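K.L.:
As they're listed, the protein sequences go chains D and H.
With the numbering used here, you'll find the first sequence wraps up at 258, consecutive numbering, no jumps.
With the numbering used here, you'll find the second sequence wraps up at 1244, consecutive numbering, no jumps.
Just so you know, these hints were derived from the structure itself, not from any lab.
Please read all numbers here as calculations on a predicted model, not as lab measurements.
Some hints here could point you the wrong way.
[Said to hold, decoys possible] Stretches of chain H that chain D covers, calculated by requiring three or more beta carbons in the stretch to come under 8 Å of a beta carbon on chain D: (1) 1054 to 1063; (2) 1074 to 1080; (3) 1090 to 1096.
By construction, the Cβ of each residue, glycine as well, lies at the ideal position given by its N, Cα and C atoms.
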Amino acid sequence: MGFLQAISIVDLQARASLKSESSKLALSYLWWILEPILFVSVYYIVFSFLLNRGTENYILFLMCGKIPYLWFSKSITSASNSLLQNKGLVASIQIPKTLFPYINLQEALYKQWVVFLLLIGVAVYFDEVPTWEWLWLIPIVILNYLLIVAISLWAALLVTLVQDLRFVVNMSMLFLMFMSGVFWDIRELQDEYWQHVLLYYNPLAFLIDSYRVILIDQGTLDYQHLLLITVLSTVLIVSAHFMYIYLNSLLTDKILRN
Amino acid sequence: MSTAIELKEVCVDYKIRNGVFNAFTHQALTNISLSIQEGETFGILGRNGSGKSTLLQVIAGLIKPSKGTVDYGRDYSKALLTLGLGFRPDLTGADNAMLSLVLQGKSRKESRELLPLIAEFAEVGAFFNQAVKTYSAGMRARLGFATALTSNVDILIIDEVLSVGDLQFRKKAENAIANQISGTKTVIFVSQSPHQVAELCTRAAIIDSSKIIVEGRPETVAEQYLENMSSARVNQKIVKPKVS
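For reference, chain D alone in the conformation it holds in the complex:
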């Protein structure tokens, strides 16, 4: 299967799924924006009102954390089930199984661009003057996507082989929510050692921090670390593609006998 045909299939099926999903909902496509807004509102109520922990610009701060986190966790959770979910297609035609996670990721990506526009809108609303540095959002979003692809491909592969791992994926997402500074600021940690560990070894924490660096203008971007995560994600993606080819028969067997 050629690269262009694969892209065409991913795009076609992602659009069809989005259409079918929204046709079931009374508010249809509006949920793409409503859902993140509701999530952010809940956190805002709990942390700003009840716990009185909110800082200045807390809504923007929360959105910079919650929006990339939601994209990350929803993509990976959905992609990790994508192979088992497509038993019907696997049972009828020979297609590269890497397509399935990409289809689910594409679905999430199509929803995401509107949400990012909302994020930028809110940033402008809170008097953050757009600067040239904001262009760094483009590589950050691309890197965010690469990281999602890398983890999704491996998660989908492993969950298909050992279904028990589905629970591990779900738990890891919850764990990452707490460890990535989604609703708190890692830079405010008293212990500098842990601050370094979280920002250096947890790529999601690093990315969320980078969104804040750009949009709220706190600290500076670590370009070297950006490059490191790009290289690592690429290595993971390429190796995953080889594993899918190498384990193809075993994967088919697992999916058909699911």
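Given the structure of chain D, go ahead and fit chain H onto it with the hints provided.
P.N.:
Only chain H this time, still in chain D's reference frame:
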């Protein structure tokens, strides 16, 4: 005529894991050797659980045999048509058909142009733009058959799809298959109906307990199948309930 598919001493073992320490192994196919020519309509008769579906999955290239080899004359496009599978139930019939066509290598433009043809052949009417999960079993089978036929694959493998649906559609589908015989399309199809096999196929085989037991002219094979079935029925013991 050139060989389309050549199976040599194919075995397929399944290992089904029940818990950490228990595994159950089952041989679904035992030493199957079979050669199917290009343009042939090959029928496979067999009872439930005889290994038919596994054989079709091997022929479609979906699963690799545990032992033995499968060779194709060239790089054919293949599609396996199975009842209730091959569709994403949440998507509409049109989206599913479109997706199948693009997966078989058609361009989007070509596929879009073929959609009305599929809708008409499948006789699903206004349901074409509804989710497939709202379809009856017959409608699903018709949509599957119409899509597979239209996608014009080199090797079309049909697993009992023609056993559902009403008589009128079955006749239409059988005609469509019969018309393919003159072409270069290879059709392999599984059926429980010896009459259908005798009528449509150029060659046939019976598969029983994971082995091919007879292979040859469809009329002879169909006759043999009927005989086997009736002798199986005679051998069945009838246990009367005890009356106290």
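K.L.:
Take the hints in turn and mark each one as holding or not.
P.N.:
Cross-check of the supplied hints:
For a cut-off of 8 Å, the count of residues in the segment 1054 to 1063 of chain H with a CB near a CB of chain D stands at 5, and the three-residue condition holds. With 3 residues carrying a beta carbon less than 8 Å from a beta carbon of chain D, the segment 1074 to 1080 of chain H meets the three-residue requirement, and the given coverage holds. Figure legend: the segment 1090 to 1096 of chain H, annotated as covered by chain D; annotation consistent (4 residues with Cβ-Cβ distances under 8 Å, at least 3 required).
No hint from the list above goes unmet by this structure.
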